[in-house]
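Chemist: Based on the provided sequences and hints, a complete structural model is requested.
Numbering-wise, the numbering used here puts 235 at position 235 of the sequence shown, and it's gapless, one number per residue.
There's no promise every hint is true.
To be verified - In silico EDC-like links for lysine to aspartate or glutamate, alpha-carbon gap of 20 Å or less:
| hint | residue 1 | residue 2 |
| --- | --- | --- |
| 1 | 200 | 223 |
| 2 | 238 | 43 |
| 3 | 238 | 223 |
| 4 | 122 | 146 |
| 5 | 202 | 223 |
| 6 | 37 | 64 |
| 7 | 202 | 188 |
| 8 | 238 | 64 |
I should point out that these hints are in silico values taken from the structure, not numbers from a laboratory.
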Amino acid sequence: MQRRKFIQGSAILGLSIASGTFLANQSGMFQQKSARKIYRILDTDRIEVGTLPVLRAFAGDHLDHVSPYVLFDEFGPVSLQSGTDPLRVDAHPHAGVTPTTYFLEGTGHHRDSLNYDIQIGKGDFMLFSSGRGAIHMEESGQKLYDSGGLYHGFQIWLNTPAKYKFVEPSTGVYRLDDMARVKNEAYDIQVVLGEVFGAKSKIETLSPAFYYHVKMQANARLDIPTDPTHNAFLYLVKGQLEVEGARQLKTNQVVLYQRGDSLINLYAEKPAEFLVLGGQPLNEPVYSYGPFVMNNEAQIQQCIRNYQAGRMGNPDMVNG
Numbered sequence: 001m002q003r004r005k006f007i008q009g010s011a012i013l014g015l016s017i018a019s020g021t022f023l024a025n026q027s028g029m030f031q032q033k034s035a036r037k038i039y040r041i042l043d044t045d046r047i048e049v050g051t052l053p054v055l056r057a058f059a060g061d062h063l064d065h066v067s068p069y070v071l072f073d074e075f076g077p078v079s080l081q082s083g084t085d086p087l088r089v090d091a092h093p094h095a096g097v098t099p100t101t102y103f104l105e106g107t108g109h110h111r112d113s114l115n116y117d118i119q120i121g122k123g124d125f126m127l128f129s130s131g132r133g134a135i136h137m138e139e140s141g142q143k144l145y146d147s148g149g150l151y152h153g154f155q156i157w158l159n160t161p162a163k164y165k166f167v168e169p170s171t172g173v174y175r176l177d178d179m180a181r182v183k184n185e186a187y188d189i190q191v192v193l194g195e196v197f198g199a200k201s202k203i204e205t206l207s208p209a210f211y212y213h214v215k216m217q218a219n220a221r222l223d224i225p226t227d228p229t230h231n232a233f234l235y236l237v238k239g240q241l242e243v244e245g246a247r248q249l250k251t252n253q254v255v256l257y258q259r260g261d262s263l264i265n266l267y268a269e270k271p272a273e274f275l276v277l278g279g280q281p282l283n284e285p286v287y288s289y290g291p292f293v294m295n296n297e298a299q300i301q302q303c304i305r306n307y308q309a310g311r312m313g314n315p316d317m318v319n320g
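Modeler: This is the structure:
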């Protein structure tokens with residue numbers, strides 16, 4: 001039966017490590033005593049999930065510095081011609097984790113075992129809170145099929161705190177009106193989750209987390225305040241960015257920050273676009289098996305039995 005097959009590429013995998021390069025010219029950033037120090041700079045791995053080309057930043061590792069997040073994928077950017085087959089990840093289960101999806105460009109189609117069948121567009125944000133277990137299918141959306149265009153966004157998994165691992169699953173789609181924004185002549189911050197500079201997202205999560213989509217203009221400086229006890233990391237989508245220690249971040253690299261200080265100091269000599277994420281570390285054991293993220297092996301085995309028995313839904317129905 002199809003429900004017994006886990007989707008290829010869904011397992012949590014590792015990644016490579018890269019060191020940042022030091023700027024040859026004088027730094028444009030004012031270093032502050034309360035600035036967070038860098039723990040490590042990571043490169044991404046290029047993989048495929050289903051037929052989606054993906055850049056994977058981390059998957060189940062570095063939890064001391066990325067929790068409450070556990071996996072980070074950028075899908076695309078891919079230019080699609082009208083009428084071509086959708087890029088697709090067939091029906092697959094999740095449990096104990098909340099995959100989040102955020103679109104920079106294009107549209108997506110989500111169908112799940114909770115009877116949601118949704119077209120998601122540019123700027124939209126989705127939380128698929130899998131709880132005790134549910135199945136979903138993901139593919140590029142109808143608008144891209146009809147008209148073509150760019151397909152680009154992020155799927156980033158939030159780990160679920162232990163006390164919520166087996167709650168009822170749910171799906172939520174949020175628009176720009178649910179988020180907050182901070183904009184001036186130097187930078188533009190879309191506050192997807194959390195709060196910064198007095199701007200607070202309406203979207204709630206099961207544990208404290210933040211998710212900022214930032215665009216900086218040329219020759220701009222930005223100091224992002226964070227809770228010193230929370231984790232924080234940054235992913236450069238486009239451009240170049242100077243980070244702590246006068247290091248220059250390259251496109252598609254990830255900066256993991258140490259805890260203990262508040263400010264993330266940034267300088268953009270040229271325009272830059274990036275994500276800043278983090279939150280309160282869960283400090284709980286993590287056992288993962290593909291799309292299941294739990295706290296012990298017995299829970300993983302229970303998830304496998306529930307999936308094989310059809311308790312998470314019927315993948316054939318979800319695939320359509």
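Chemist: Look at each hint and say if it fits the structure.
Modeler: Comparing the hints with the structure gives:
no., hint, in the structure
1, 200 / 223, "holds, 17 Å"
2, 238 / 43, "holds, 14 Å"
3, 238 / 223, "holds, 19 Å"
4, 122 / 146, "holds, 16 Å"
5, 202 / 223, "violated, 23 Å"
6, 37 / 64, "holds, 15 Å"
7, 202 / 188, "holds, 18 Å"
8, 238 / 64, "violated, 26 Å"
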